[in-house]
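Undergrad: Residue strings, one per chain:
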Amino acid sequence: MNDIQTLHAMLYSGDVSSEELTRFYISEIEKSNPVLNSFVYTDFGNALESAKRADKRIKEGKGSMLTGIPFALKDNICTEGVPTTCCSKILSGFRPCYDATAYSKLKAEGAVLLGKTNMDEFAMGSASETSVYGAPLNPVDLSRVAGGSSGGSAAAVRAGLAPYALGSDTGGSVRQPASFCGVVGFKPSYGAVSRYGLIAYGSSLDQIGTLTLTVKDAAFVFDAVRGADGMDMTSSDIEKTPLSGEVGGLRIAVVKEFFEGLGADIKKAVLSAIEEYEKAGAQVGEVSLPSLGDVLPVYYIIACAEASSNLGRYDGIRYGYRAENYSSVDEMIIKTRTEGFGKEVQKRIMLGTYVLSSGYYDAYYKKARILRERVKEEFKKLFGTFDVIMAPTVPQTAFPLGFTERNPIDMYLSDVCTVPANIAGLPAVSVPCGEDAEGLPVGLQIIGDRFKDYPTLSAAHFADLSGITRRKNSVGGGVK
Amino acid sequence: MAISTDEIKALARLAKLEFDDERCETFKEEFNEIIEFAGKINGAIVGNSSDIREIVGEETQYAELREDEERESLPPEKITSGAEAQNGYFTVRRVVK
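Chains as they are written, first to last, in the numbering used here: chain A, 1 to 480; chain B, 1 to 97.
Bear in mind the hints are in silico, worked out from the structure with no lab data behind them. Mixed in with the good hints, there may be bad ones.
[To be verified] On the chain A side, residues computed to face chain B include the following (Cβ under 10 Å): (1) 24; (2) 341; (3) 370.
[As the list claims (entries may be wrong)] Over 12 Å on every C-beta distance to chain A, these chain B residues come out as not near it, computed from the model: (4) 21; (5) 25; (6) 70.
Fair warning: this is a prediction, and the values are worked out from it, not measured in the lab. Glycine residues also receive a C-beta, built at the ideal position from the N, C-alpha and C atoms.
Extracted from the complex, chain A is given alone in its bound form:
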């Protein structure tokens, strides 16, 4: 499997054309996707056309880093004329009439879209099992989930069906599947990448992120998609700094709450990775963030409240699925939504409606907003003394198929290490740092201060440079 940097060099030296490269990925998808179920839509004819245009551009010397390199998009990112369903029945047949900003930026670079990837319905889940197309499988172990909600994107990159993919992260949906599949998952600061055309789940938390083989690749894709956008007033430009991977003097916070209730193998893999940083000159300090104890209910209240409002737009009138039999417009809307949304989505809409309803607003939503501010304050204080936080990405390795449906609350609890970055709008990246006893990947999460996306990636780049991301086993005290 080749990273973006290698593919770019191959394309520019003339070793391979974009068309040949695209044909290679198409054949990989044809071979593996019937089993992995990573992609839910592909259009190879269009992909080859884009590849030919990219070849011309490269020949004319007008290409950039991503020109001619194929990629995949999560199915909640709008693509004009190309089906975008959020893996939900309610958006069946929906072809957006505009492109998401992140996608149009990749298009402008001459990147080649292979297709749309599988995900939890409306990005609500941690295993991609709520997808109307069925769950994507984890290429590392086919009896396990790829994670969620960007499970298809992570699995596609891990299996070599695409060199990179975009996902979205509302509570860990890029980082958790990256951790489960053993790839790099980067969630930028809230606002660093325009959300225009990203189908909304929790608007104050949603962020488009990247799934790649290396940290440098994450930076290349981030370079291309980030920036202020007139179509998203929460978007802004951030300062770009080089990815040196230099960690001498880097101040690393180890937050003790992130290490509670962890599997032994995971704890060992993450702590031994942090030791590598220390050996290279980083300073490590242990701290406590007491408000993290409340962060999960806070997250679910805010995300579901925003979802209940955002998903109010699905009425069957303007796009997607419409119920067949009705005798009034109201009945049509109710039937459309009841038949069109899956169980998990309906549950979250109901929870959101509940916490926003009069009588419960003060007890739930208002308190959650206050606690959110407390979390942000604690992080702000921490980043006065530290550059990054290092933590596990997920307290577990990839779940067996079917686990999340049988244990819904456990699924919510597994988001404990990823949601804080969304609550506070911070950049966070998950890099592989070893395996558990069963050979399943473990993720090291590096969280940075708001808009310090590049310094955060630079800290993570050390994991690639030092070989942490290529460790096969960290159990038993050693690296194989």
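Since the structure of chain A is already known, use the hints to place chain B on it.
TA: Quick look at chain B alone, frame taken from chain A:
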């Protein structure tokens, strides 16, 4: 605080969803579990607090507002292309008799 079947039906009406009796029963248990989970925050803040605006600061940094000028929009044919439509309007089956 457990939620009743009637409350679930009322919530469903607000959310424009339909829960029949059978579904209400199975959903009740699941929903109570998640409400209990969400209710954990009630231990973190006791009693009611003052106006949310006093506590919640500036949530996001906003980009500069553009001038309020008319801009070209998507053509109606394009917007209505994914649904039942006529002459640039979305249509539903006739329900007024």
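Undergrad: Determine for every hint whether it applies to the structure shown.
TA: Taking the hints in turn, this is what the structure says about them:
1. 24: violated (34 Å)
2. 341: Since the shortest Cβ distance to chain B is 7 Å, the answer is holds.
3. 370: For residue 370 of chain A, the interface hint holds, since the closest Cβ of chain B sits about 5 Å away, which is under 10 Å.
4. 21: holds (14 Å)
5. 25: holds (14 Å)
6. 70: holds (15 Å)
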